[in-house]
Amino acid sequence: MSATTTPEAAPAAPVTSARTTPPGPRRVPPPGRILLVASLAVATVYFLLPVYWLVIAATKSTDKIYGSNGFWFDSPRLLENIGKVLSYDGHVYLYWVANTLLYAGVGALLATLLAAAAGFALAKYRFRGREAVFKSVLAGVLLPHTALALPLYLLFNKVGLTNTYWAVLIPSVVSPFGVYLCRIFAESSVDDTLLEAARVDGAREGRIFFGLALRIMSPALVTVFLFQFVGIWNNYFLPLVMLSDDRMYPITLGLTTWQTSQDRIPELVQYTVGGAFLSVIPLAVAMLVLQRYWRTGLTEGSVKG
Amino acid sequence: MPVRRKVLSWGAAAAATPLLAACGESAGAARLTKQAPRRDGKKVELVFWTWVPLQKSVALWNKTHPDVHVELQIVPNGLNGGYQKMHSSLKAGSPPDLAQVEYHTIPEFLLVNGLTNLSKYGVDKLKDQYVDWQWNQGVFDGQLRAMPQASGPMGFYYRKDIFERCGAEVPGTWDEFRQAAIKIKKRGGGSRITTFAPNSALWFASFSWQRGARWIRTEGDTWIVDIDSELSREVADFWDGLLRDELVLPMADLQSGWYRAAQTGRMASWPGPHWGDALLRGNAPGTKGKWRVTTLPQWEKGDNASANQGGSATAVLQGSRHPAEAIEFAHWLNTDAKSIDLLVEAGYGWPAARIDLGESALGKPDPFFGGQHYNEVFQESDSNVDTSWKWAPTTSQSFEHIKDAMGRVAAGNGTLVDALGDIQGRFLDDFRAKGLKVRSA
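Chains as they are written, first to last, in the UniProt record's numbering: chain A, 1 to 305; chain B, 1 to 441.
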């Protein structure tokens with residue numbers, strides 16, 4: 001699995017780190033700055049190297065992946081490879097892509113909305129048992145997903161939902177960490193007087209939440225969305241126990257079925273590498289596009305708080 | 001067949017069930033197999049979990065058998081998640097009808113009562129259509145628990161060109177193998193006769209199997225572990241010697257470095273299973289025409305002892321509602337000549353069915369092996385595999401001990417001979433942890 005998981009998580013660090021250096025210092029930089037830049041450069045190389053290897057390997061044939069220098073091209077044939085990845089076994093890879101986008105996209109979106117609502121309510125409404133609710137949500141942060149997968153499977157099996165899209169989607173829309181983050185953020189950024197003013201102006205609670213709170217909380221929401229998106233994207237164990245129809249698999253699970261069949265069909269080495277390469281692209285794009293909101297948003301929050 | 005003592009007793013497993021429950025482990029399948037009445041005109045649906053690409057054979061079945069439809073679902077292979085899924089589904093009482101189960105994992109499934117007793121449904125009359133030892137892999141307490149599908153009989157792949165260049169004889173015995181290894185080290189320009197794969201417990205087990213060692217057996221309700229036996233020690237000592245004199249490369253097999261060694265000729269031969277042919281062909285296409293295959297070297301000159309690495313069965317999981325149809329399909333899948341040809345194409349291994357090599361896709365000469373009818377070697381190998389070898393019901397954990405020990409030895413720490421005693425002890429612990437009665441031989 002390392003081939004598929006490490007590169008996906010990698011792009012975040014170098015991209016943000018490259019921009020944290022303030023522009024054009026005129027004086028000779030102090031040694032501390034040089035050390036900082038140097039260590040960040042090392043970290044960048046460290047994180048990008050596997051991705052670089054993946055890009056190079058995606059252009060090779062199976063025997064060249066083993067038989068040539070891993071860090072340079074050898075008779076590249078990227079398009080041919082990608083064509084084969086996409087068409088193998090009745091275009092099954094395209095199903096996996098669509099499924100993954102569904103699980104991660106829809107799942108993360110719903111999870112963000114739920115987390116926002118719960119976090120906002122926990123921060124701004126006073127009701128009996130509020131702290132108890134919050135503490136049990138916090139406890140949820142500590143429970144690893146893997147430990148929950150099996151009990152969830154038995155539960156879903158009872159209601160006949162295993163091997164359906166719901167089996168992966170429903171557990172994915174719950175994000176205790178998101179609730180936690182949204183509560184903290186709502187507490188510090190959504191002003192009580194603003195809510196009072198809105199109520200005085202006659203806005204209903206729904207309107208306040210959707211029209212006002214959601215907008216103010218948007219930096220936190222982007223964070224929750226990204227975390228949840230990446231979390232679902234990389235979640236292996238839940239779909240593994242829940243799904244058995246390979247047309248419903250997400251990319252991670254699908255690629256594993258390819259990877260583990262390599263001792264029967266050697267071409268699958270190439271297809272697995274090619275599939276991993278393709279699967280990195282959407283995550284990299286999501287990070288690049290969203291990180292702008294993410295970073296500015298978090299700093300705004302910190303200044304206000 | 002000689003009269004044997006009761007090979008394995010599942011009384012042990014049954015007695016252990018309460019203990020398992022107390023440990024919070026799976027105590028068994030939540031639902032038992034029962035035949036649902038067949039209604040006229042209603043199609044029977046069978047679900048089949050496997051990681052072997054059997055699509056074409058299944059499509060052929062579905063075309064030729066309109067009243068029983070098989071839905072093939074590809075799951076990750078055994079230890080990468082497939083078995084976990086199967087165990088979860090057994091526990092939940094909604095298993096697929098059919099599942100791929102490797103020979104060395106059958107006892108583990110029996111321990112949770114996960115496999116339908118096929119003998120109850122009259123499969124024993126089909127026995128003659130299968131290779132003896134493969135059929136026997138599924139027999140426990142005289143009852144067949146899984147339809148044999150395919151195996152990995154061992155042979156000896158070697159680079160004809162390198163052996164000739166180094167003036168090395170193709171070995172008929174392991175002694176000659178060592179002589180050839182010395183020559184190849186001396187004259188091969190960095191080549192070694194083969195690799196020692198610390199990651200493959202099955203590979204190492206196959207040599208003990210060939211030597212005549214029997215790691216696991218039972219007496220009454222007691223399991224007997226005999227890994228640290230005279231015969232196994234002889235095998236371990238042989239490989240210790242090769243490693244000590246640097247006649248073999250310590251290197252994980254079926255991974256990038258290993259494939260590169262196959263491409264570059266650093267690895268001049270490979271005592272490996274039949275299914276390795278596709279790996280050499282696919283991963284080292286540049287060596288086409290240079291490989292040949294012969295019988296696995298023998299411990300005594302003139303013997304024809306063989307062994308096996310890998311192999312699996314088609315099991316009817318406990319809880320199926322259509323065992324009769326599932327058996328009918330499993331038997332067809334693994335014995336029908338057309339199906340076998342499609343399975344061979346998918347790289348499923350060596351057939352469990354007795355086949356006529358001349359009629360089969362396996363009988364063709366292969367230019368990769370210099371036009372040799374190389375599968376004749378494997379057919380003979382498969383028919384010479386000893387029928388009495390059995391696996392432990394703790395294989396998944398216990399193999400890790402073997403790998404750990406082999407890894408230490410390959411890194412230059414200690415010897416395999418010394419490690420066997422340690423492995424033996426850990427096997428015993430694993431049995432006891434499952435609440436099974438066990439002792440050393």
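There could be a bad hint or two in this list.
[As the list claims (entries may be wrong)] Here are the simulated DSS-like cross-link-like pairs (lysine-lysine), alpha carbons at most 25 Å apart as the crow flies:
(1) B:56 - B:290
(2) B:185 - B:290
(3) B:288 - B:185
(4) A:64 - B:290
(5) B:125 - B:338
(6) B:42 - B:63
(7) B:288 - A:64
(8) B:56 - B:160
(9) B:63 - B:290
(10) A:124 - A:135
(11) B:338 - B:186
(12) B:185 - B:160
(13) A:64 - B:63
(14) B:125 - B:34
(15) B:288 - A:84
(16) A:84 - B:186
(17) A:158 - B:183
(18) B:160 - B:183
[Stated by the list, open to error] From the derived model, a few chain B residues whose C-beta atoms are all more than 10 Å from chain A:
(19) 169
(20) 172
(21) 413
[To be verified] What follows is a list of derived Cβ distance ranges for each label pair:
(22) B:199 - A:131: 50 to 58 Å
(23) A:102 - B:125: 46 to 54 Å
(24) A:288 - B:367: 46 to 54 Å
(25) A:31 - B:397: 50 to 58 Å
(26) B:357 - A:267: 22 to 30 Å
(27) B:220 - A:91: 49 to 57 Å
(28) B:285 - A:43: 33 to 41 Å
(29) B:244 - A:75: 39 to 47 Å
(30) B:42 - A:90: 24 to 32 Å
(31) A:215 - B:199: 53 to 61 Å
(32) A:70 - B:376: 50 to 58 Å
(33) A:147 - B:397: 15 to 23 Å
(34) A:165 - B:244: 55 to 63 Å
Just so you know, these hints were derived from the structure itself, not from any lab. Computed from a predicted structure; not experimentally measured. Even glycine gets a Cβ: it sits at the ideal position worked out from N, Cα and C.
Check each numbered hint against the structure and report the violated ones by number, ascending. 1, 8, 9, 11, 13, 16, 17, 32
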